[in-house]
Amino acid sequence: DVKVTQSSRYLVKRTGEKVFLECVQDMDHENMFWYRQDPGLGLRLIYFSYDVKMKEKGDIPEGYSVSREKKERFSLILESASTNQTSMYLCASIRDTENQPQHFGDGTRLSIL
Amino acid sequence: AQTVTQSQPEMSVQEAETVTLSCTYDTSESDYYLFWYKQPPSRQMILVIRQEAYKQQNATENRFSVNFQKAAKSFSLKISDSQLGDAAMYFCAYLEGSNYQLIWGAGTKLIIKP
Numbered sequence: 011d012v013k014v015t016q017s018s019r020y021l022v023k024r025t026g027e028k029v030f031l032e033c034v035q036d037m038d039h040e041n042m043f044w045y046r047q048d049p050g051l052g053l054r055l056i057y058f059s060y061d062v063k064m065k066e067k068g069d070i071p072e073g074y075s076v077s078r079e080k081k082e083r084f085s086l087i088l089e090s091a092s093t094n095q096t097s098m099y100l101c102a103s104i105r106d107t108e109n110q111p112q113h114f115g116d117g118t119r120l121s122i123l
Numbered sequence: 006a007q008t009v010t011q012s013q014p015e016m017s018v019q020e021a022e023t024v025t026l027s028c029t030y031d032t033s034e035s036d037y038y039l040f041w042y043k044q045p046p047s048r049q050m051i052l053v054i055r056q057e058a059y060k061q062q063n064a065t066e067n068r069f070s071v072n073f074q075k076a077a078k079s080f081s082l083k084i085s086d087s088q089l090g091d092a093a094m095y096f097c098a099y100l101e102g103s104n105y106q107l108i109w110g111a112g113t114k115l116i117i118k119p
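First to last, the protein sequences are chains A and B.
Residue 81 in my numbering sits at position 71 of the first sequence; the count goes up by one each step and never skips.
Residue 60 in my numbering sits at position 55 of the second sequence; the count goes up by one each step and never skips.
Here chain B stands alone, though its shape is the one from the complex (with noise of 0.2 Å):
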């Protein structure tokens, strides 16, 4: 069965500074999807980025970014210049390429140290 791992339950930044939070998954399926969500106090779930498998490049939104190793099976979010706002849950989640069910992983909780 397909598993996602988030190894850091908690992460802090200062802000303005970059931090890298964690996510690994097990798989044998080739065609995927990785996502990176973010989870504010207010609640909301909300997409920050997603990585098709077929795809080489690393995906980025902004001052979003991935680090995608397929191989390693190995899907890490960059956030550059943390903000306030940047402050949150984040959950890694893995959907296989014909499939509605995502698997997701423990959740890291972002802290921003002003």
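The shape of chain A in the complex, shown without the other chains (with noise of 0.2 Å):
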């Protein structure tokens, strides 16, 4: 079975603060997302990558950057958290040889005080 583990369930920071999520597949899969859920939004895609050191902006991509440097380990950065960033983040991934559907972590409900 796939398994996507995001590193917080819950993280509180504070405005102006570097934020770091963390995502974790241990599937040997190409793709990895984050998204931003947000009631009444659903999904929205932040970035999105398809190989170590690659990336692709999502529809939201601003106040936003990713790191890959292993394939297993996707991380979302806030550089200077704001108050607009509070927000559930889940973090999915998928093999390269298929395109659904995407596996998905727990989530992690990020306040920005």
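Don't read these hints as lab results, they were simulated from the structure.
Mixed in with the good hints there might be a few duds.
Negatives, chain A to chain B, calculated, CB over 10 Å [said to hold, decoys possible]: (1) 17; (2) 122; (3) 123.
Taking lysine-lysine and the BS3-like style, the derived pairs with C-alpha atoms no more than 30 Å apart in a straight line are [to be verified]: (4) B:60 <-> B:83; (5) B:114 <-> A:13; (6) A:23 <-> B:114; (7) B:60 <-> B:78; (8) A:81 <-> A:63; (9) A:67 <-> B:78; (10) A:13 <-> B:83; (11) A:13 <-> A:65; (12) A:28 <-> A:81; (13) A:63 <-> A:28; (14) A:28 <-> A:13; (15) B:83 <-> B:114.
Only part of the chain B face toward chain A is listed, based on derived beta-carbon distances under 7 Å [said to hold, decoys possible]: (16) 38; (17) 48; (18) 49; (19) 50; (20) 52; (21) 100; (22) 105; (23) 106; (24) 109; (25) 110; (26) 111; (27) 112.
Every value quoted in this text rests on a predicted model; they were computed, and no experiment measured them.
Backbone N, C-alpha and C fix where the C-beta goes; we use that ideal spot for every residue, glycine too.
Fit the two chains together into the complex; they arrive one by one in their own frames, and the hints show the way.
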């Protein structure tokens, strides 16, 4: 069974802090994704990565960056956290030879005070 | 641009009864996939059912089935014999055939009344 692990379930940070959200998958998947989930808006793609050191912007990349130094790990970085980045963050992964379905982590609920 | 619309923010159903969740989408593509995902309070997003656009037959997974109306661009989810464990947020999602980017609806919260 695919396992996608997000490092924190809950995280509280302060405005202006640099925040790292970590995601690790154990199935050697090439593609990894970071989504933001807000009530009434569904999931919105922030960034995705199709290979080590490769990244593509999603629909809402502003205020975020990502890092993929190893195939199994995809990090989301909030360079200078702001209160409007308070949200649920979901990580997902999928193998290159498939395009669906994506496998999700449990999510990180991030609060920026 | 493709869009996915779930017009029901919340639905409730009596345990053991049947409920239908609505989803419509907009696309000019002919090759695509449609999905229903479930997100229980535990938060992990779980795939419930998928439908390939080229297949006319509606997908079925145990108590879950879809009504796929390609011309109307409608993709509703029917849950039969509702159980307490079905309580969750349900998301409809669209994927183009050659793409990795899912387009998501806003979600429908399903409440099961005992």
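Going through the hints against the structure:
The Cβ of residue 17 of chain A sits about 15 Å from the closest Cβ of chain B, beyond the 10 Å cut-off, so the non-interface label holds. No beta-carbon of chain B comes within 10 Å of the beta-carbon of residue 122 of chain A; the shortest separation is about 19 Å. With 10 Å as the threshold on Cβ separation, the claim that residue 123 of chain A sits away from chain B holds: the shortest Cβ distance comes to roughly 22 Å. Between residue 60 of chain B and residue 83 of chain B the alpha-carbon distance is near 18 Å, which keeps this suggested pair within the 30 Å criterion.
The straight-line distance between the Cα atoms of residue 114 of chain B and residue 13 of chain A is roughly 26 Å, inside the 30 Å bound, and the hint therefore holds. For the hint pairing residue 23 of chain A with residue 114 of chain B, the CA-to-CA distance comes to about 29 Å; that is within 30 Å, so the pair holds. For the suggested pair residue 60 of chain B and residue 78 of chain B, the alpha carbons sit about 14 Å apart, so the restraint of at most 30 Å is met. Proposed proximity of residue 81 of chain A and residue 63 of chain A is supported: the alpha carbons are some 9 Å apart, at most 30 Å.
The straight-line distance between the Cα atoms of residue 67 of chain A and residue 78 of chain B is roughly 28 Å, inside the 30 Å bound, and the hint therefore holds. For the suggested pair residue 13 of chain A and residue 83 of chain B, the alpha carbons sit about 29 Å apart, so the restraint of at most 30 Å is met. This hinted pair checks out: residue 13 of chain A and residue 65 of chain A have alpha carbons roughly 21 Å apart, not beyond 30 Å. Of the supplied pair hints, the one linking residue 28 of chain A and residue 81 of chain A holds, its CA atoms being roughly 23 Å apart against a limit of 30 Å.
The straight-line distance between the Cα atoms of residue 63 of chain A and residue 28 of chain A is roughly 21 Å, inside the 30 Å bound, and the hint therefore holds. Distance check on the hinted pair: residue 28 of chain A and residue 13 of chain A sit about 27 Å apart at the alpha-carbon level, within 30 Å; holds. Taken as a hint, the residue 83 of chain B and residue 114 of chain B pair is honoured in the structure, with Cα atoms around 14 Å apart against an allowance of 30 Å. With a cut of 7 Å, the hint placing residue 38 of chain B at the interface with chain A holds, because the nearest CB-to-CB distance is about 6 Å.
Annotation: interface hint on residue 48 of chain B holds; nearest CB of chain A at approximately 4 Å, less than 7 Å. Using the Cβ-Cβ criterion of 7 Å, the hint placing residue 49 of chain B at the interface with chain A is satisfied: the shortest such distance is roughly 5 Å. Using the Cβ-Cβ criterion of 7 Å, the hint placing residue 50 of chain B at the interface with chain A is satisfied: the shortest such distance is roughly 4 Å. Among the interface hints, the one on residue 52 of chain B holds; its C-beta lies about 4 Å from the nearest C-beta in chain A, closer than the 7 Å criterion.
Using the Cβ-Cβ criterion of 7 Å, the hint placing residue 100 of chain B at the interface with chain A is satisfied: the shortest such distance is roughly 6 Å. Annotation: interface hint on residue 105 of chain B holds; nearest CB of chain A at approximately 6 Å, less than 7 Å. Annotation: residue 106 of chain B was flagged as interfacial toward chain A, and the flag holds, the nearest CB pair being 6 Å apart, inside 7 Å. Contact between residue 109 of chain B and chain A, as hinted, is supported at the beta carbon level, the nearest pair being about 4 Å apart and thus within 7 Å.
The interface hint given for residue 110 of chain B holds, since its Cβ lies 5 Å from the closest Cβ of chain A, which is under the 7 Å cut-off. Taken as an interface hint, residue 111 of chain B checks out: its beta carbon lies about 5 Å from the nearest beta carbon of chain A, inside 7 Å. A distance limit of 7 Å between C-beta atoms decides the matter here; for residue 112 of chain B the minimum to chain A is near 6 Å, and the interface restraint holds.
The earlier numbered hints are all upheld by this structure, with none contradicted.
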